[in-house]
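*Asks:* Sequence:
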Amino acid sequence: GSGVPYLYLTDLEISVQDLEINSNASLTVSLAQTPYCKKHRYDPQNPLCAHIIFCGGIVKVNDSEADIAKKALFSRHPEMEGWPKDHNWFFAKFNITNIWVLDYFGGLKIVTPEEYYSIKP
Numbered sequence: 003g004s005g006v007p008y009l010y011l012t013d014l015e016i017s018v019q020d021l022e023i024n025s026n027a028s029l030t031v032s033l034a035q036t037p038y039c040k041k042h043r044y045d046p047q048n049p050l051c052a053h054i055i056f057c058g059g060i061v062k063v064n065d066s067e068a069d070i071a072k073k074a075l076f077s078r079h080p081e082m083e084g085w086p087k088d089h090n091w092f093f094a095k096f097n098i099t100n101i102w103v104l105d106y107f108g109g110l111k112i113v114t115p116e117e118y119y120s121i122k123p
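The numbering used here puts the first residue of the sequence shown at 3, with every later residue one more than the last.
It is worth saying that the hints were derived from the structure and are not from the lab.
Certain hints may be false.
[Unchecked claim] Within a straight-line C-alpha distance of at most 25 Å, the following computed SDA-like cross-link-like pairs (lysine to any residue) qualify:
hint	residue 1	residue 2
1	Lys111	Ser17
2	Lys73	Tyr119
3	Lys87	Asn64
4	Lys62	Leu14
5	Lys111	Ser32
6	Lys87	Tyr10
7	Lys72	Tyr118
8	Lys62	Asp20
9	Lys122	Pro86
10	Lys72	Tyr106
11	Lys122	Ala34
12	Lys72	Phe96
13	Lys73	Pro86
14	Lys111	Lys122
15	Lys111	Glu67
16	Lys62	Ser4
17	Lys62	Tyr38
18	Lys41	Tyr106
19	Lys87	Asp65
Let the hints inform the model, and build the full structure from the sequences given.
*Replies:* Here it is, written out as structure tokens:
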């Protein structure tokens, strides 16, 4: 993928209503979500069980980018396409402004959005 975190949201969720007032958000992903930490016997709170914190803002995407978001999300999560239509789902993206990596003792490492987006999968 492109590295852009796309979302499929509904205004029926209270957190989405909050985002309409203040779009700032953070997203944390961790190796604890994979077999890696268990395999290495790392507690999920151990910095060696790395996690990344993305900070930025959530914004609705325009129609042309909605096609990209739809393809990205529905190809990985096909059941989304069948979710109730009366929920008025819409596509959004996470505009990343800061990235922090915690993967060892001694503090965070900072990755710029430019560095993040320059990596080829």
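*Asks:* Mind checking the alpha carbons of lysine 72 and tyrosine 118 for me, to see if they're no more than 25 Å apart?
*Replies:* 22 Å, holds
*Asks:* Decide if the proposed pair is consistent with the structure: lysine 87 and asparagine 64, CA atoms, cutoff 25 Å inclusive.
*Replies:* It holds: about 19 Å lies between the C-alpha atoms, which stays within 25 Å.
*Asks:* Does the structure keep lysine 62 and aspartate 20 at a Cα separation of 25 Å or less?
*Replies:* This hinted pair holds, its Cα atoms lying about 14 Å apart.
*Asks:* Compare the distance between the alpha carbons of lysine 122 and proline 86 with 25 Å, and conclude whether the hinted pair is satisfied.
*Replies:* 35 Å, violated
*Asks:* Keeping to a limit of 25 Å between CA atoms, is the pair of lysine 62 and serine 4 held or broken?
*Replies:* 17 Å, holds
*Asks:* Can the restraint linking lysine 72 and tyrosine 106 be considered satisfied, given a maximum Cα separation of 25 Å?
*Replies:* With a Cα-Cα distance of about 36 Å, the restraint between lysine 72 and tyrosine 106 is violated, given a limit of 25 Å.
*Asks:* Check whether the Cα positions of lysine 111 and lysine 122 lie no farther apart than 25 Å.
*Replies:* 20 Å, holds
*Asks:* For lysine 111 and serine 17, compute the direct alpha-carbon distance and say whether it is at most 25 Å.
*Replies:* 28 Å, violated
*Asks:* Decide if the proposed pair is consistent with the structure: lysine 41 and tyrosine 106, CA atoms, cutoff 25 Å inclusive.
*Replies:* Holds. Lysine 41 to tyrosine 106 sits at ~17 Å (cutoff 25 Å).
*Asks:* Holds or violated: are the alpha carbons of lysine 122 and alanine 34 at most 25 Å from each other?
*Replies:* Between lysine 122 and alanine 34 the Cα gap is close to 24 Å, so the pair holds against 25 Å.
*Asks:* Compare the distance between the alpha carbons of lysine 111 and glutamate 67 with 25 Å, and conclude whether the hinted pair is satisfied.
*Replies:* Between lysine 111 and glutamate 67 the Cα gap is close to 31 Å, so the pair fails against 25 Å, i.e. violated.
*Asks:* Just to be careful, I want the Cα atoms of lysine 62 and leucine 14 compared with a cutoff of 25 Å; is the pair within it?
*Replies:* OK: lysine 62 and leucine 14 at ~15 Å, within 25 Å.
In the structure shown, a violation is registered for the earlier hints numbered 1, 9, 10, 15, 17, in ascending order.
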